[in-house]
Amino acid sequence: NAGVTQTPKFRVLKTGQSMTLLCAQDMNHEYMYWYRQDPGMGLRLIHYSVGEGTTAKGEVPDGYNVSRLKKQNFLLGLESAAPSQTSVYFCASSTWTGSSEAFFGQGTRLTVV
Amino acid sequence: KQEVTQIPAALSVPEGENLVLNCSFTDSAIYNLQWFRQDPGKGLTSLLLIQSSQREQTSGRLNASLDKSSGRSTLYIAASQPGDSATYLCAVRPGANNLFFGTGTRLTVIP
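First to last, the sequence lines map onto chains A and B.
Just so you know, my numbering puts 27 at position 27 of the first sequence, and the rest follows in order with no gaps.
Quick note: to get my numbering, add 1000 to the position in the second sequence (first position is 1).
Among these hints, one or two may not hold up.
Calculated pairs, DSBU-like style, for lysine-lysine (alpha carbon to alpha carbon, straight line, at most 30 angstroms) [to be verified]: (1) 1001(B) with 1042(B); (2) 14(A) with 57(A); (3) 57(A) with 1001(B); (4) 9(A) with 70(A); (5) 1042(B) with 14(A); (6) 1042(B) with 57(A); (7) 1068(B) with 1001(B); (8) 70(A) with 1042(B); (9) 1042(B) with 9(A); (10) 9(A) with 57(A); (11) 57(A) with 1068(B); (12) 9(A) with 71(A); (13) 1042(B) with 71(A).
Everything labelled a hint here was simulated from the structure, so no lab data went into it.
Chain B on its own, in the form it takes in the complex:
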């Protein structure tokens, strides 16, 4: 069974710092990987989708990379802001039937 791990579980950084969130998965047979943001008590907002054939995707201050062969992805956030404070989830898709989620990294950006 696919296992997805996110490290660290929680992270606090001062405003303006660049940071990296990590996601690892055990089975490299995936179609894509998706990064989500979840605010407390809210739903999941899709941030970036990386297809298995891609190495990275960028959206504004966010950059996600994928190394399928090693089972790793990173989410890079540049010039962090207090509004970036949230839980970040990664999910891998081995097929159309399911996404496997990590337990997330809770990010706090301190003004």
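Only chain A is shown next, with the shape it has when bound in the complex:
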């Protein structure tokens, strides 16, 4: 039972470098989300997708881009990493109804130096 899988689990970047975080789900869910978790602030939504080929901005989208070329995958990109993007990133998925349960990945701990 894989559920939601994130890669990588840890990463250290230098300021200005780029990287892509991969999220994969095997539950055939329509909705996928990227959150960041910072101390004292809870989880905040970066971007989300309501289906293959569609993406939308969340609460804190600046500095990030996303793509959903396949239904099971949701990619989060940082084009030019900044220290303010040091955080733990979580991917989640759910079915299309508002009453459905959200499932989360194990997280990616990113440090930008």
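Following the hints, complete the assembly by docking chain B onto the known chain A.
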């Protein structure tokens, strides 16, 4: 904007004690509320999901209640164990596009 508050931020209890964690939210127009557990350095594990039409849900030693009109939910843990030590998060869902999270309650159960 939906605001979710969890009180207390941290709680220490002796093993065997029953305890209650609190979650409050500002906008009662929600589809559901979900309680999660997060261990240090780990992901979020879903514990209980309560639909807006429900009053409570139970799973083993856990019982979650929801009073949508007053914007409150509680997570009751019976006969606490050291293995229950973790951070507990609640999240409300106003629609399919987002979940709004509280900052969590860090629980320590002392053997």
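So if I understand the rule, the pair passes when the alpha-carbon distance is 30 angstroms or less; does residue 1001(B) with residue 1042(B) pass?
This hinted pair holds, its Cα atoms lying about 28 angstroms apart.
Holds or violated: residue 57(A) to residue 1001(B), with C-alpha atoms at most 30 angstroms apart
holds, 16 angstroms
Check whether the Cα positions of residue 1042(B) and residue 71(A) lie no farther apart than 30 angstroms.
The given pair, whose Cα atoms are some 25 angstroms apart, holds under the 30 angstroms limit.
Mind checking the alpha carbons of residue 9(A) and residue 71(A) for me, to see if they're no more than 30 angstroms apart?
This hinted pair holds, its Cα atoms lying about 22 angstroms apart.
Pair hint residue 1068(B) and residue 1001(B), alpha-carbon separation not exceeding 30 angstroms
It holds: about 16 angstroms lies between the C-alpha atoms, which stays within 30 angstroms.
Pair hint residue 9(A) and residue 57(A), alpha-carbon separation not exceeding 30 angstroms:
holds, 24 angstroms
Residue 1042(B) paired with residue 57(A) [C-alpha distance capped at 30 angstroms]:
The given pair, whose Cα atoms are some 26 angstroms apart, holds under the 30 angstroms limit.
Proposed proximity, residue 70(A) with residue 9(A) (alpha carbon, max 30 angstroms):
At roughly 21 angstroms apart (the allowed maximum being 30 angstroms), residue 70(A) and residue 9(A) satisfy the hint.
Would the pair residue 70(A) and residue 1042(B) pass a check requiring their Cα atoms to be no farther apart than 30 angstroms?
Between residue 70(A) and residue 1042(B) the Cα gap is close to 26 angstroms, so the pair holds against 30 angstroms.
Given hint residue 9(A) paired with residue 1042(B) - CA-CA distance at most 30 angstroms:
Cα-Cα ~10 angstroms, so holds.
Distance restraint between residue 14(A) and residue 57(A), which requires alpha-carbon spacing of 30 angstroms or less
Given that 30 angstroms is the threshold and the Cα spacing comes to 25 angstroms, the pair holds.
Would the pair residue 57(A) and residue 1068(B) pass a check requiring their Cα atoms to be no farther apart than 30 angstroms?
holds, 28 angstroms
This entry satisfies every hint, going by the numbered hints stated previously.
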